[in-house]
Amino acid sequence: MCEEFTLKNGLRVVTEYIPHFPSVSVGLWIGAGSMYETQEENGLSHFVEHMLFKSTQSRTTREIAVEMDAIGGQVNAFTSKECTCYYAKVIAEHLPRAMELLTDLLLNAKMDEEEFEKERGVILEEIAMCEDTPEDLVYDLLAEAYFGDHPLARPILGTHSQIASVTREALINYRRRHYRPDNTVLAIAGDFDRAQFAALAERLLGEWQAQGETVVPAPRTQAIAQVKLRRKDIEQTHICLAYPGVGQDDADLYPLSVMNNLLGGGMSSRLFQRIREEMGAAYSVYSFPSTYPNCGTLTIYAGTSPDMAQRVADELHEQIAALMRDGVTDEEFAMAKDQLRVSYILGLESSSSRMSSIGRSKLLRGKAVNPKEVIERIEAVTKQDTERVLREVFSRPFAASAVGRNVDSLRLL
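Just so it is clear: in the sequence shown, position 209 is 209 by the numbering used here, and no numbers are missing.
It is worth saying that the hints were derived from the structure and are not from the lab.
Hints may contain errors.
Derived pair list, reagent style DSS-like, types lysine-lysine, alpha-carbon separation capped at 30 Å [said to hold, decoys possible]:
hint : residue 1 : residue 2
1    : K54       : K118
2    : K383      : K367
3    : K54       : K8
I would like the entire structure built from these sequences, with the hints used as guidance.
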């Protein structure tokens, strides 16, 4: 069961005590991601994340790395479109040490000029690596195609030109605006002493004060029906389609997730069985929903040979048309629904997944997710709900992207 409290500076804390877990996971969730950046700020959320692992007022870059290894377990961070998270997964006795390290990175990073220039080079290499990874590149192009000029269209890493020209002062100003106690959630799950943790949180974070404001962009509820292509001399053609989905708080997330499972969410799904097993036309073909604070997408992906690309693209549309025309069978609905329920339950077996669930939910939705409520909502989904949602999703405009040889001739819309 989750417990919540707020520090005197407005920082929200959400906890889940699970005594039978051998580990404890703690995370600092910041409302700073690419969807909150202006065009000129694109990539700064991710850049700040990198810089916080450099020197602090009391630790050198090497000392940070040594201490991370000494703690054992995992100490890391990630940036998404909606947030940035700094987290640690350790055994209970190392929790105070992990907390002290995470808060030192958060509050006392020096943002040194020399380290800034080094990390600029690292991020430029990361952007180049994305260019060399077609499955990553096709998703970035898909976001551009679907969201147009909306902030969600921008890549999390930023662009080469933007990162090459950004100044250290811009990075510091961005961090000052978004890294605030009222824009942060501290989440913990696993085996820990609740009273000691509350005192530790207040001691380490209670005096943190900051100023700034995070502006949530308006939702994008309708796709721009366009295609983004990138020619690359590679062995496969990578194809993506994006349809309008739902936001994080939308009740239709559950029937949408069931529909996704039967369409492309597993080995028994329609797309996998038809395109891979029957046609032998792709090794990788799947679909998945993405949710944001006020909108979402349903994405379909397939990687195939250039010679088979048009046939695979046509088959993706044919499988969607068949769903729209014939609806869902009782057997596949029951299987897809149970698959969703079981996968959610199995995902509750680690302290890190529990921490992520309550931390992300508290930051983005204002409340910690209740596993019992989620399971009840999954079980309440009907076949009629699923068919209604699939017709709503697939009757609206969609966007597409492709990367590979001769993609200019592909018909994707």
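Tested hints:
no.	hint	in the structure
1	K54 x K118	holds, 10 Å
2	K383 x K367	holds, 29 Å
3	K54 x K8	holds, 29 Å
The structure meets every hint from the earlier list without exception.
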